[in-house]
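Q: The chain contents come next:
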Amino acid sequence: MPKHYRPPGKKKEGNAAKYITRSKALKYLQVTLPVFRRLCILKGIFPREPKKKVEGNHKTYYHMKDIMFLVHEPLLEKFRDIRAYDKRVKKALAKKNKDLADRLLTRKPSYTLDRLIRERYPKFIDALRDLDDCLTMVHLFAALPAIEKEQIPVKRIHNCRRLSHEWQAYISRTHSLRKTFISVKGIYYQAEVEGQKITWLTPHALQQVLTDDVDFNVMLTFLEFYETLLAFVNFKLYHSINVKYPPILDPRLEALAADLYALSRFFAANSKATIGESQMVTSSGSEQADSKRKEMQTDESELRLAQLQHQLPTNEPGTLMHLIEDAADGDDDEDVERRECKTLFKNMKFFLSREVPRESLLFVIPAFGGTVSWDGDGAPFKEADEGITHQIVDRPTQGHKFLSREYVQPQWVYDCANARIILPVDGYLVGRVPPPHLSPFVDNEAEGYIPEYAETIKRLQAAARKELLPMPGVDKRDLDDPQNLLLEGVISRAEANEAAEKKRKMAMLEKQYHNELKMELQGVPYSSSVSNDNTESAVNDTEGREESLPDPDQIAKDSSSSMSMVVMSRKKRKLYEAMQINKERKRENVNKLKERKAKAAQGSA
Amino acid sequence: MKPQKMRYTDFAGTSGNDDEHRVYSQEDQDEGAEAHLGVEESDSSEDEVAPRNTIGDVPLKWYEDEEHIGYDITGKKIKKQARKDKLDSFLAGADDSKNWRKVYDEYNDEEVELTKEETRLIRRLLKGKTPHAEIDPYAPYVDWFVWEDARHPLSNAPEPKRRFIPSKWESKKVVQYVRAIRKGLIKFDKPKEEPRFYLLWGDDSSSKEKSGQGLSYIPAPKPKFAGHEESYNPSIEYIPTQEEINSYQLMYEEDRPKFIPKRFESLRSVPAYENALKESFDRCLDLYLCPRARKKRINIDPESLKPKLPSRKDLRPYPVTCYLEYIGHKDTVLSISIDVSGQWMASGSTDGTVRIWEVETGRCLRIWDVGIAVQHVAWNPLPELHILAVAVEHDVLLFNTGLGNEEEQEKIKELLHVETPTAPESSGNGTSIVSWIQHDKHEGIMLKHLKTVSSVEWHRKGDYFSTVVPGDDSRAILIHQLSKKLTQKIPFKLHGLPVSSAFHPSRSIFFISTKKNVRVYDLLKQKLIKKLETGVREVSSIAIHPAGDNVIVGSKEGKLCWFDMDLSSQPYRVLKCHPKDITNVAFHRSYPLFATCSDDCTAYVFHGMVYSDLNQNPLIVPLEILRGHRSANGRGVMDCKFHPKQPWLFTAGADSVIKLYCH
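Chains as they are written, first to last, in full-length UniProt numbering: chain A, 1 to 605; chain B, 1 to 663.
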């Protein structure tokens, strides 16, 4: 008798009953693989790993409960209906009954996903938690061209674009953007919405590279779900700040947008005639027209964004909104960060040159409280405006320069946003190679290696904070806030200790700062002195550490550690060893970085 | 007219019975009639030229192989014309500008040149027009009938009723439509667009019931955040050098870094990322194809994994440092043994000598040269019997060491005297096991075995001793009685090759370790008490705790097994301490210490506390690693023994040195 013999009439038990392979699931559900895939994607069902793979190791297993969940899904029936309906259309077409086919096509059965979203994300916070992939995908498709071959209609691309702009408008409006990072893959943003950190990636606004090895059917199914999800999320978010959703655009602009489509076609035919006409249209319209000449796709979005920008303030029930916002600002004590973000670029006016990534900067600068304009019609203010403090340029040289403003590279904005202070612009001026752009997502201490520029920024931050604070340890903002003062009374002992610790650190940093000031007075250029000091101290440190390790101690430590290793159980010992290996690998990486840096320094010297 | 008639008659004459022809002729007749009626002249070219051939409408295939194509009107054969070859015909065609008008008539076997009118006709036909341009197919209708003066209507029938009542079928169709509209099958206006989005999550405060299924949702792991190296403008140290990039090519594809950092001078020079779509797609695949499972990730300090050991200071005294070295042997010291009093130490070496040392001074007291490598030495455990048992190849020698006072000496001499060398047969069964022979040279007894003796162990009372002869199957373990000069083999079957043996320190229990297991026998009842399963590959040594309930076993893979015999037959604790073979293990007699020594030139000292409370498990704490021996011939420390009274450890090394470690 085999080991796993099951007497006839006895039900399966254990893993054999709990899990089902994919092919069996298909048979069970009586669907084809593509439909099954669609269902799984929409319902968020994924394979699970059984403890014992009864049918073999190389198969995909689904939990039986998941499959039962699919069986009772109304969408399954809906898909069958749609399939049957498609057959009717096909039949009509085959019989050359065009009228019938047309009539059938006009009322094709459709389905909605809102129920599924509610089911998958019972609470709003759940939806926010899972929003990362959604945002990344929607932003990616917003940058893709419509591909007829792959059945990606223009409408969907536009929808993605609209959704992404709506989202960005909300983030920018509520100043919830926290971190930005320009990487080779695109621009990463991290926002904090309702306490959830949401990170997404937007591709660079360029023609995307299309590859063949991508199954667009799968991606479009995902996109379908994500579009719906994002729309509902946007609705909820807009609702939370008392703005109507979908944003009702100015009918005048709306009409213009329709007109402009025709206009742009006309422009394409004879681009000469544009100038005169576009001036006749209203300001935002003409801006659209102009940019439409460049590329039609981005333009509409910009219009939308502009509209959003125009609209959000006008649309909201003005004073009430402000009241709410102020109230929120007033009593929300944990929102120190938000306030910090909101006031970062306060009283600063930015102007974007043509060559900088406008969409991203139009998103980032207002999110941190700045005002921004761009080169083109419909902009809030022109380049010649006297109030502009910074002009963002990304070109080798700037011809005409206003003396009243700084000409900086776009990276400065992102670095400032990450550091939460206004960095000195020296390194970022036109024509210079900017200092390295560091990722805000890395915990340098945990990684064990702190890049030089990160240290510089840290010092600057400390300096800036000192400037802000009349006395170390107490926040200036706290003084402003009566409630906070009340809170001060009931501050716990632990917090007090923490504060003391902070004070001590602050004092140290202050001292350092003073030293640096002194050095500066003596005429040592700032950055070089810092870096020199830094490297020297670092080198000294490491050398000292290495030398300070006497042999017997080392051996003693070694022996004692190996002593306890002897008594550990095998499982723990292996775990310990694995951890050590990991540590070692990390250390190796850090060492490699240090080595490269030393080499580079040598090379430059 | 004439030729047609002729043809008619012709057909009638030749094949009147044929159906087809009849029809054909009929048509002709009609045509003829028509011609008579309206049109004066016939345009048919067929009418003008009579066909030369008269075979009729038969398949031309019939005449394919014939020399003629048919018959003329007089019934004579019409010969086939000579075929022009292609080249000629082409050349002729090329020369003749009218060639395109020529058509080969297969039926008559001749070339017909179409006239201009004929080509015009064909062209019009191809265009779908009437063949003749002058005929207007849409000419206005001329009603020749005169209506005015007619007295009677054309038809006298009364107007039918249906002209006055509504159509039944139309009404039926209308009813059908009406019904369809009422039922909603036909809708005219497009369905109203409902607002697609609404407040889906009304208030989260009333936490909704969980979704129907009991399975917990496992959120997909988030993709890794971008590090410094992914920046468009990373620090220099994140950019690999060209050599490093080249070295990536040598790596396995899986190990190769997916992303190579690159530096761009300015933001405008950053291109679109070529893998954006692919990576997004991969993420999608991961989301819906990868099995998800919750994995516990331990996020702890690795140091916290280490067990909390009692401080070593509290466990003193234990041997720590090398205090003395006993130098004198020329070769590997295989075995050492300490006198019960702790004053003397005996050592046996492969250089063929047995030496006796004074422990405290390191003075070599006496040397016996036996000539062959000494496998094992063992002092008699009785303090008054200064007898040393030495295992040398096939023999076991019992020496009188000459220590002690005269009374003791006499007793010893008496004991070590064999009157008549016992014949082999006297030892019982007639088969020779061991012969006891007086050894004259060194004043002792020699026990001759048949195979190599590997170890000698004394019973606690000093009268019995056991020898292990691994090579001898049935007589692998022998027990000898000194007082009676008697030898007997143990009455148990051994499963496997014996490695070593030991007596229980207080009871009549005997331990035999084979390569895999340790068997415990009761000597009085003569039966197996217990089998200890070590689970190691090859046992090398065994030692019994002085209380007798705990056993340690060293193995050749460097593992040490501690057995608590009251607990189970499985090891209570397995310690993997040595990377190489454990050569010997030892317990201290009074202190809670035990030691292992190994071929890796180290000896470990452990604290091994056994509590009298049975509920408390023994406490094992590693205390010290003793180093100092050098490796020789791949061997390290060969033997270790504790001092019987002091917490001192003696180790014998392959480097021919014996060391004493003191606290």
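Read the hints as simulated data drawn from the structure, not as lab findings.
Misleading hints may appear alongside valid ones.
[Stated by the list, open to error] Calculated cross-link-like contacts (lysine-lysine; reagent style DSSO-like; alpha-carbon spacing at most 27 Å):
| hint | chain 1 | residue 1 | chain 2 | residue 2 |
| --- | --- | --- | --- | --- |
| 1 | A | 90 | B | 61 |
| 2 | A | 583 | B | 485 |
| 3 | A | 98 | A | 149 |
| 4 | A | 59 | A | 12 |
| 5 | B | 413 | A | 244 |
| 6 | B | 485 | A | 458 |
| 7 | B | 485 | B | 413 |
| 8 | B | 278 | A | 179 |
| 9 | A | 51 | B | 295 |
| 10 | B | 173 | A | 98 |
Q: Evaluate each hint against the coordinates.
A: Do the hints match the structure? See the list:
| no. | hint | verdict |
| --- | --- | --- |
| 1 | A:90 with B:61 | violated (48 Å) |
| 2 | A:583 with B:485 | violated (66 Å) |
| 3 | A:98 with A:149 | holds (25 Å) |
| 4 | A:59 with A:12 | holds (19 Å) |
| 5 | B:413 with A:244 | violated (116 Å) |
| 6 | B:485 with A:458 | violated (90 Å) |
| 7 | B:485 with B:413 | holds (14 Å) |
| 8 | B:278 with A:179 | holds (25 Å) |
| 9 | A:51 with B:295 | holds (13 Å) |
| 10 | B:173 with A:98 | holds (20 Å) |
Violated hints for the displayed structure, listed by number in ascending order: 1, 2, 5 and 6.
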